[in-house]
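So you can see what is in the structure, the chains are spelled out below.
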Amino acid sequence: QVQLVQSGAEVKKPGASVKVSCKASGYTFISYYIHWVRQAPGQGLEWMGIINPSGGSASYAQKFQGRVTMTRDTSTSTVYMDLSRLRSEDTAIYYCARESSGAGHWFDPWGQGTLVTVSS
Amino acid sequence: DIVMTQSPDSLAVSLGERATFNCKSSQSVLYSSNNKNYLAWYQQKPGQPPKLLIYWASTRESGVPDRFSGSGSGTDFTLTISSLQAEDVAIYYCQQYYSTPPTFGGGTRVEIK
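So the protein sequences, as listed, match chains A and B. Start counting the first sequence at 1; every next residue gets the next number (the numbering used here). Start counting the second sequence at 1; every next residue gets the next number (the numbering used here).
Don't take each hint at face value.
[To be verified] Which stretches of chain B does chain A cover? Using the computed rule of at least three CB atoms under 8 angstroms from a CB of chain A, they are:
#, segment
1, 15-28
2, 34-44
3, 97-104
Just so you know, the hints here were simulated from the structure itself, not pulled from any lab data. For every residue, glycine included, the Cβ atom is placed at its ideal position computed from N, Cα and C.
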């Protein structure tokens with residue numbers, strides 16, 4: 001079945017960087033865009049950006065421009081989200097999610113989430 | 001960016017009763033060329049990622065119980081649970097995919113009365 005499996009929880013100090021992975025299985029990796037969405041504790045869902053696993057091009061939410069980089073490794077069917085210059089407000093669960101094919105752009109499925117805690 | 005506003009913030013409903021909650025977009029998400037509303041609904045249970053329930057505003061995802069239904073068009077949308085079950089306790093989010101960035105509503109928490 002289609003599955004996205006993310007890397008484990010991270011604890012980082014302010015100013016550091018974090019790299020979260022998302023390994024896809026059960027489908028043709030390069031055929032579907034992958035999005036990253038985060039959720040701060042007790043809060044709603046915030047879109048961070050999108051990567052095209054085929055060519056590797058990525059587009060980011062304005063809020064994260066300059067701090068986020070999304071990459072992929074087609075040999076392992078894995079996408080990565082790198083967030084730099086971390087601050088306490090970046091403490092959140094980070095999700096990867098596959099975009100549907102065709103005209104619609106809903107997200108299904110989602111990875112299990114990766115908790116990133118930023119604390120001194 | 002399109003702002004999605006959900007109401008109410010929380011809702012307590014008795015088991016077996018109907019639960020209805022709303023989602024409003026700051027601009028229309030109806031694409032005139034195909035007459036489709038670019039809106040999805042997700043269910044998020046504690047400690048789990050969101051799960052897709054409905055897309056195109058009213059199309060149920062495969063495997064989603066038929067007690068869940070979506071309706072609405074343009075800027076105003078509704079998700080209805082026709083007979084609330086204990087396993088439906090969750091937060092429900094709407095999302096527009098009409099334009100980039102995709103945006104989510106703040107969620108409606110559904111509890112058992």
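These are the hints, each one checked on the structure:
Coverage of the segment 15-28 of chain B by chain A is violated. Counting CB-CB distances below 8 angstroms, 0 residues qualify, and the rule asks for three or more. Counting residues of the segment 34-44 of chain B whose beta carbon lies closer than 8 angstroms to any beta carbon of chain A gives 5, which meets the minimum of three for the stated coverage. Only when three residues or more bring their CB closer than 8 angstroms to a CB of chain A does the claim for the segment 97-104 of chain B stand; here the count is 6, and the claim holds.
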